[in-house]
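Number of protein chains: 2
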Amino acid sequence: MTLNEIFSIIDEDLKLVEDSIHHNIQNKIELISSIGSHIFGSGGKRLRPALLLLACKLFDYKGPERIYLSSAIEYIHTATLLHDDVVDNSVLRRGKQSANSIWGNEASVLVGDFLFAKAFILIVGSKNIRVLNILSNATGNLAEGEIFELVKTGDLQTSINDYFEIIKNKTGVLFSAACEIAAVLADAPHNLLNSIKSYGDKIGVAFQLIDDALDYASTDVELGKKIGIDIQEGKVTLPLIAALTNANSDSLYSNVKEIFYKDSIAEDDINFLKNFVLENRGVEDTIKQAHNFISQAKEELSIFHDSPAKTSLLLLADFILKRRF
Amino acid sequence: MTLNEIFSIIDEDLKLVEDSIHHNIQNKIELISSIGSHIFGSGGKRLRPALLLLACKLFDYKGPERIYLSSAIEYIHTATLLHDDVVDNSVLRRGKQSANSIWGNEASVLVGDFLFAKAFILIVGSKNIRVLNILSNATGNLAEGEIFELVKTGDLQTSINDYFEIIKNKTGVLFSAACEIAAVLADAPHNLLNSIKSYGDKIGVAFQLIDDALDYASTDVELGKKIGIDIQEGKVTLPLIAALTNANSDSLYSNVKEIFYKDSIAEDDINFLKNFVLENRGVEDTIKQAHNFISQAKEELSIFHDSPAKTSLLLLADFILKRRF
Numbered sequence: 001m002t003l004n005e006i007f008s009i010i011d012e013d014l015k016l017v018e019d020s021i022h023h024n025i026q027n028k029i030e031l032i033s034s035i036g037s038h039i040f041g042s043g044g045k046r047l048r049p050a051l052l053l054l055a056c057k058l059f060d061y062k063g064p065e066r067i068y069l070s071s072a073i074e075y076i077h078t079a080t081l082l083h084d085d086v087v088d089n090s091v092l093r094r095g096k097q098s099a100n101s102i103w104g105n106e107a108s109v110l111v112g113d114f115l116f117a118k119a120f121i122l123i124v125g126s127k128n129i130r131v132l133n134i135l136s137n138a139t140g141n142l143a144e145g146e147i148f149e150l151v152k153t154g155d156l157q158t159s160i161n162d163y164f165e166i167i168k169n170k171t172g173v174l175f176s177a178a179c180e181i182a183a184v185l186a187d188a189p190h191n192l193l194n195s196i197k198s199y200g201d202k203i204g205v206a207f208q209l210i211d212d213a214l215d216y217a218s219t220d221v222e223l224g225k226k227i228g229i230d231i232q233e234g235k236v237t238l239p240l241i242a243a244l245t246n247a248n249s250d251s252l253y254s255n256v257k258e259i260f261y262k263d264s265i266a267e268d269d270i271n272f273l274k275n276f277v278l279e280n281r282g283v284e285d286t287i288k289q290a291h292n293f294i295s296q297a298k299e300e301l302s303i304f305h306d307s308p309a310k311t312s313l314l315l316l317a318d319f320i321l322k323r324r325f
Numbered sequence: 001m002t003l004n005e006i007f008s009i010i011d012e013d014l015k016l017v018e019d020s021i022h023h024n025i026q027n028k029i030e031l032i033s034s035i036g037s038h039i040f041g042s043g044g045k046r047l048r049p050a051l052l053l054l055a056c057k058l059f060d061y062k063g064p065e066r067i068y069l070s071s072a073i074e075y076i077h078t079a080t081l082l083h084d085d086v087v088d089n090s091v092l093r094r095g096k097q098s099a100n101s102i103w104g105n106e107a108s109v110l111v112g113d114f115l116f117a118k119a120f121i122l123i124v125g126s127k128n129i130r131v132l133n134i135l136s137n138a139t140g141n142l143a144e145g146e147i148f149e150l151v152k153t154g155d156l157q158t159s160i161n162d163y164f165e166i167i168k169n170k171t172g173v174l175f176s177a178a179c180e181i182a183a184v185l186a187d188a189p190h191n192l193l194n195s196i197k198s199y200g201d202k203i204g205v206a207f208q209l210i211d212d213a214l215d216y217a218s219t220d221v222e223l224g225k226k227i228g229i230d231i232q233e234g235k236v237t238l239p240l241i242a243a244l245t246n247a248n249s250d251s252l253y254s255n256v257k258e259i260f261y262k263d264s265i266a267e268d269d270i271n272f273l274k275n276f277v278l279e280n281r282g283v284e285d286t287i288k289q290a291h292n293f294i295s296q297a298k299e300e301l302s303i304f305h306d307s308p309a310k311t312s313l314l315l316l317a318d319f320i321l322k323r324r325f
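Chains as they are written, first to last, in my numbering: chain G, 1 to 325; chain S, 1 to 325.
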């Protein structure tokens, strides 16, 4: 099943969100509109808005906040992508040139700030203190996750706990916030709020696990971005951590370490590390973990009555395991 | 009169703000605490918190929000400094090494984001929608000002109107927000709110005018940052705009243009441009404008009864004209 099919029940809402995203980025300063059109026209999947909208459907909530809060969450997500690209010096993003490689780091930093501010303005527009609490804390956790990831860059001793703390903050938090906001808007009872929030968190973590696995297992064309990029950036993700643990060999660890700390890593080195990770079940274990999180996420939905929204959320969970993008 | 003397009536409050600033930046991630200590220990003047606190004194408002909202405003200001330094590639900030030159651009971008998020969390803590509106719009304007400045970089045709739009957004807005928040917290009548808000805006613009004048008129040691830096960064500020207008000479314009667009500008070039600006009354006119804004700002205060707070605000306005930092 395609993502479009899974999202068909929120098709109208997603169009409204898309309009809202493009409308609110318009600005008399042309650079803002240009960068905005570029990044929001690059075929993002709008996973976070879709989650918020599906969760609203689940609670049968139809208020207007669901549209502009979805845009706000997408703005926050996009702002972190813009800032990430500066941090990572990325050249490709979703198969297209990244904003920083066209307009420069300066513009990416400042337009990212502009998106954060616009999100802030939209969120304040809800006048809902609970929503404001969720999203202000989410942006705080997001920043902490990114900084912790930066601190752990190039640290081959990064533990599994460190890794999960990073991905929970940098990816899980915004997925879970999208779900929690729907519950808050609908004034859902506490147990339902906790379940949908936990569902969001878990599929977010699974999403990141698959992302990190694909960096070792996919090809450039499929991924729409360069692969082996985590290695080149010195990012120690679960596939590598698991492979090192599974290999349990001092000499292999030394080999990996030697390559990992080279000033410039050649194609051969990347292939060596990719093979090392694949042979030592790093990708396999990571995907296994993703499966665990997805089945836990689906379990969280058992508390809800059957409905088209619930079906879509279950299908979305499965889709995350199958994605090749 | 020194700034300390002018701020003596809010001495206790400023200490509480300082504690709050340092307390809220503490984090289990050491990099955040380190960068935080570095930037908040570099002797910032805390002008924006002081403005908020003085305005609260003026309205006799003593609620606890004045402390943490002052910290929030300082966080927003500092986040823009961190991001500015990445944009400008600054090496010095307040006479000390800038954060990006010690920890790298990546950390400056992400810790800036963290400060924005912390500010957002503190502001939400006030549960005051008017305050939230003021500060969310202020951060939006701030980002717009920074982006417009970036767009106008290297544009010798930058108009006086463009220049004032930039400095009003990048500096005036946060000064005026600090003042307006005090009026909102104190539930002040509309006319008083407008006056104090306008006072803040005007001293903010004057502050930036003096800043831009000092870049041509001061020496490295006095300024605590390198001078002639606006030229090197291609920033077209009022001293240059005014000098070009006053000179009214095609051949001088061509000379300036030739130097301005050099790939690397030598010491001699900077001295030529400095002299050109000084001789053609660029600095003089800029300082004259600053005087205009300051007298307008003081005029805004005439609506208030005499009080120690009003006296301090009047002295602060004068101080801005005399500053050499």
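For the record, the hints were derived by calculation from the structure and aren't laboratory data. Glycine included, C-beta positions come from ideal geometry on N, C-alpha and C. Hints are not guaranteed to be accurate.
Said to hold, decoys possible - Pairwise CB distance ranges, derived in the manner of DEER restraints:
1. G:L278 x S:H22: 27 to 35 Å
2. G:K288 x S:E12: 38 to 46 Å
3. G:H190 x S:G63: 28 to 36 Å
4. S:N133 x G:S33: 51 to 59 Å
5. G:Y261 x S:S33: 20 to 28 Å
Unchecked claim - With a cut-off of at most 25 Å between alpha-carbon atoms, the simulated BS3-like pairs for lysine-lysine come out as follows:
6. G:K127 x S:K127
7. G:K28 x S:K15
8. G:K262 x G:K274
9. G:K168 x S:K28
Hint check results:
1. G:L278 x S:H22: 27 to 35 Å: violated (48 Å)
2. G:K288 x S:E12: 38 to 46 Å: violated (58 Å)
3. G:H190 x S:G63: 28 to 36 Å: Taking Cβ atoms as reference, H190 of chain G and G63 of chain S lie about 31 Å apart, which means the hint holds.
4. S:N133 x G:S33: 51 to 59 Å: violated (24 Å)
5. G:Y261 x S:S33: 20 to 28 Å: holds (27 Å)
6. G:K127 x S:K127: Holds: K127 of chain G and K127 of chain S sit about 9 Å apart, inside 25 Å.
7. G:K28 x S:K15: violated (41 Å)
8. G:K262 x G:K274: holds (16 Å)
9. G:K168 x S:K28: Holds, at roughly 16 Å.
Checked against the numbered hints listed earlier, the structure breaks hints 1, 2, 4, 7; every other hint is satisfied.
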